[in-house]
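**Student:** Okay, here's what each chain looks like letter by letter:
There are 2 protein chains.
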Amino acid sequence: MKKVIFKGDIVFTPTKDKFQVHKDSYLISENGKVVKILKQLGNEYNDYSIKDFTDKLIIPGFIDLHLHAPQYNNIGLGLDKELIPWLNTCTFPEEAKFYNVEYAKKTYKQLIRDLWRYGTTSAVIYSSIHKDSTKLLMDLFIDSNMRGYIGKVNMNRNAIPELLEDTKISIEETEEIIFEYKDKSSLVKPIITPRFVPSCTEELMEGLGQLALKYDIPVQSHLSENMSEVKWVKELHPGLPNYSSVYNQYNLFGQTKTIMAHCIYNTEDELELMAKNQVYAAHCVYSNYNLSSGIMPVREFLDREIPVGLGSDISGGNSLSIPSIMCGTVQASKIKWIETNKRLKPLTSSEVFYLGTKGGGSFFGNVGSFEKGYELDCLIIDDSNICDVDKLTLQDRIQKFIYTGDDRNIIERYIHGEKVHKPL
Amino acid sequence: MKKVIFKGDIVFTPTKDKFQVHKDSYLISENGKVVKILKQLGNEYNDYSIKDFTDKLIIPGFIDLHLHAPQYNNIGLGLDKELIPWLNTCTFPEEAKFYNVEYAKKTYKQLIRDLWRYGTTSAVIYSSIHKDSTKLLMDLFIDSNMRGYIGKVNMNRNAIPELLEDTKISIEETEEIIFEYKDKSSLVKPIITPRFVPSCTEELMEGLGQLALKYDIPVQSHLSENMSEVKWVKELHPGLPNYSSVYNQYNLFGQTKTIMAHCIYNTEDELELMAKNQVYAAHCVYSNYNLSSGIMPVREFLDREIPVGLGSDISGGNSLSIPSIMCGTVQASKIKWIETNKRLKPLTSSEVFYLGTKGGGSFFGNVGSFEKGYELDCLIIDDSNICDVDKLTLQDRIQKFIYTGDDRNIIERYIHGEKVHKPL
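In order, the protein sequence lines correspond to chains A and B.
The first sequence stops at residue 423 when you use numbering that gives the first Met the number 0, and every number in between is there.
The second sequence stops at residue 423 when you use numbering that gives the first Met the number 0, and every number in between is there.
Read the hints as simulated data drawn from the structure, not as lab findings.
This one's a predicted model, so the numbers in the text were calculated from it and none came from an experiment.
Take these hints with a grain of salt, some might be off.
What the hints assert, rightly or not - Interface residues of chain B toward chain A, partial, derived using beta-carbon atoms under 10 Å:
id: 1; residue: Ser318
id: 2; residue: Lys333
id: 3; residue: Lys399
Glycine included, each C-beta is placed from N, C-alpha and C at the ideal position.
So that you can see chain A by itself, here it is in the shape it has in the complex (with noise of 0.2 Å):
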């Protein structure tokens, strides 16, 4: 058994309203999963190793529920643009380029890098069309150490021709990933990956919601993401009465596991079959700026307690931090209630971090959080370059780390209790 003890200044969220700490104390771990905290040790703990973190913090690792592998490239780049156009002009030709796999190697080992450099330990990623790529980039994060779900995206209408797939090849492809990847790594797992409705036919959608079922695997794709989109959809599936109810009649809407990204202008009725299916909102706040969207309501989405994490959707955010994503989920949902609903009460530094750890962490099972049987997932702040670590509580660190703390702070990684080393 495999007995290790980090030390040092401990903070998470085990519920949203507030931050648990444990100042100068001892994270006791079992292979791999988090046993208890101590504030002082006893004997009985002699046979296990210590890493001594003194007066750093350790928290749970951040956890990414929506980017776009192949728009990394892009990051930055044709942010003047709302989301069709953006995707026909900006996003779709330089998905297009993910059919050469050493253009794919080369974008996937710098993604893979700066997700670990910006302490991203668990992710849930679109990759593109292309079969091979997507297998390369499940390959790569399976040899960063890292913990993902990684979707090869489907798509059979409404795009550029080099990104339309033929129906019955998209469904093989996806099944032949699956079968290959399922029980391949215990840290990176299919997830099945409808780009959206406008992308993808019923007979799609229908294959894909059975192979969700058969092998009871996950799905992600795109929920409201901007009005144009939304009536599109109800001009594309008139007899639906809305957006989730397509992807809900084809099995692809919490039937298995699943993430919407966005959901930014649900109808109450489409709210309420998220909370009953348990599915999964994606708030990516950056790129709902960049794309002029506006801003999920995420504090209806807390109180009918359905599932939220945070996603930076690369390449329509423009930032793969949690922690500044973090910042602006706070400052997002100040302007929601000043400028737009004044009974959307704005959410709190404690929210934001539940939502970047355990939050989108559930979606991974016991992860993002310290408590008894967790994944030890964690990483080690260094914040004494931004504050005077002995004068200020943990939750003051905590938040000054979150508004102006970068990856330079984060100065080790854990996954599963072990050490995650910068990828090549």
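Put chain B on the given structure of chain A with help from the hints.
**Tutor:** Using the frame of chain A, we list chain B on its own:
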């Protein structure tokens, strides 16, 4: 005569509507000022020294029109409050500590090092009410060789006792600083700084306005940041039509060069007065987010030709980085458009770059651009880690830097043609 040529990829915004770019060109300077930009050098430049920054971006230094030096230790803290409770519980108690010159010295040195690090070459700064700490800040700024306007804060009502000044002493100390510093340095100048209307009696404002006129010294204050504040000013000055007219009554609203921070809730009449008096608005997007103030309708100001620059507003704001603030400013304008007012067209990348360079820089004179006669205040940007510099246009490279770069990309800073070394 000092004759220097900077070679590299030159980008700036003579007008806000588009970037002017010069790939692999020569910026000719004489005695710290720009003479011209050439694609090729003739023999007449043989006696100029050349600084070779091939493949690096050469851009104007950044301008921060609004920040509070004595709040720097509080950056990232206490951001769960709105303006007035935030002032009373977080900000005033911290500012009160700056009677202690040693405490001030440690904080101000760190602030100046960080301004340097983030590429801010000119800043307009509030000190605290304390004369000696203010002089210290001015001297440290002079030592750093950076450009600044620095103002001792005046306040004699509605604050904690430690920050309430005697009116006569407040005015006398302000005059003492003006007298001592108005000609001491070509780069660092005093600015008259009534905190905001609720902090200053009519007698104090009257005295400060007279000083502004007597010495032709510029003025800075706050305007219409928060709806409760606007209401409070109305209660304090029921005889005047609006917030701006209080300042205007006392010669603190464009009678000399003036900056007003925030300007979110200005009335039509106030906008007209700002345009007429050419009062600068300092837009502080992250502070306005953090304190739930709202989003300034920047487009209205640009349409009316009111001068606008960007401010970090430390510590209501949580970042000193002007490129990050440029990015946030575009994003906020998109959110204002989609969530609040479809008449206000979102800002573009070139517009926010202009605001953070030439727009704010014009407060300092010919600063923030590279036209003939402009001060050679520039940054050298190595963006090779965030893009392929050979493949992207200069417009795309500057956008990548704004959206995804950070202080590590800034490799050298120059002010008046002189290299600025890291402050001690």
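**Student:** Are there hints from earlier that the structure breaks, and if so, what are their numbers?
**Tutor:** Every hint satisfied by this model.
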